[in-house]
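Protein chains in written order, with this note's numbering: chain F, 1 to 394; chain E, 1001 to 1091.
Selected chain E positions facing chain F (Cβ under 10 Å, derived; list incomplete):
hint, residue
1, Ala1054
2, Asn1061
3, Asp1064
To be clear, the hints were calculated from the coordinates, so they are not data collected in a lab.
Please read all numbers here as calculations on a predicted model, not as lab measurements.
Where a beta carbon is used, it is the ideal one built from N, C-alpha and C, also for glycine.
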Amino acid sequence: MQFMPTLTEAKPEAALSNDEILRYSRHLIMPEVGMEGQQKLKAAKVLCIGAGGLGSPLALYLTAAGVGMLGIVDFDVVDYTNLQRQIIHTTADVGRKKLDSAADKLKAINPFLNLRTFDTKLTSANALELFREFDIVADGTDNFPTRYLVNDACVLTGKPNIYGSIFRFEGQASVFATEEGPCYRCLYPEPPPPGLVPSCAEGGVLGILPGLVGVIQATETIKLILGQGDSLVGRLLLVDALSMKFRELKLRKNPDCPACGTHPTITKLIDYEEFCGIRGVEAPVAAGGDVPAISVEELKKKLDAKADIFILDVREPHEYQICNLNGYLIPLGDLPKRVSELDSSREIIAHCKMGGRSAKAVAFLKQAGFAKVSNLTGGITAWAERVDPKMPKY
Amino acid sequence: MPQIQIPSPLRQYSGKQASIDIPAKTVGEALTGLVSQHPDLKRHLYTEEGKLRAFVNVYVNDEDMRYLQKEATVLKDGDTISIVPSIAGGC
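Can you make the complete structure from the sequences, with help from the hints?
Spelled out as structure tokens, the structure:
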């Protein structure tokens, strides 16, 4: 089966100057691109959601390839933990808006680019209007609410959704929401309940992985514009960098799909935070949920006063190696079978990186009959920020 | 024997194994066998009512079991079952 939706017709205003002809020479000498294809690229308008891990290679390659108009939606600021994979940003950009940082690099690569930056969070209120200005949307977001928002807005506006997603060593890519092909909801009708699937901030991600997957997204975007080759419409590409295996699965358009089926129930954008169970984005647990909590300052006072405290560290062993509070290490997943190692008569303070996992540990221990147990609010990260600035943050 | 591929987000519940051979005649039997060997996986694959979760897709080779005979899909020797949960990371 061959799926290659046609998109842009080359417009007369997309004629190439001599400088552009020289720049795109290696495209122009291939019959699959040629003058016609390059003019299609110049006439194309691509909206990139996010200027992060996937957005970096996407924006860089689309710009270099000669896409005429590139929009980027992002409201974030560059931080040090981004630099391991978000290759559009440099060390000197830390603290700058990702949009400003990206704009500098993209303009330097290709001054012919018409760059449109949107310094905003993509929401149900602005998505449709934004998408209507573009031909193709490339999804480089990092959370479930925005994934479903991008998909539904693409279906409603009839724009192809170039999808890529990553976790640790694995990635997925496809092209959704074309007229004849399936959408993201055909594949996954509902998001996972909050907390069940870890985010990259929790689970980590190999730095090259957004490169691999983002370049696949850029490739699909360019093929769609050119109308060449077989697109990923109707196929889910799975990338496993650890075994270096690429597999593909068949995707079908679900006639009962609430977004793109024969009788769609999603006829306007909804509240995606609510749809994904409010906490679609993993955030630090502010007050440790509903469990007893202690602040890092209070813990410091207790330790200074030599109070009898048992610090339980529920992170993973490799996190313990980065930094620790000299606590007793039982990873959250092992807690049920190792609970007998703990003394319920002592005061136990549980911590993790940010306070989320240890809140679960405290809730579990409470249920198991531990009375004197509390959660360190903000985890070891809060300790590093407010008590011991020499401690590394990760 | 059919082989079940475990995606990395779920490997922490499968004793870190990336693939597990399970003797089974159908997809349903294979999944039941899997969660009985690794009970921690159950809560991640099934709802409390015992239904497969909506964000977990099960493929037999490259075909979604929803478009085969679902859990009743008959397995042949050498078939690969893939569990493909949704992931959202990108930044």
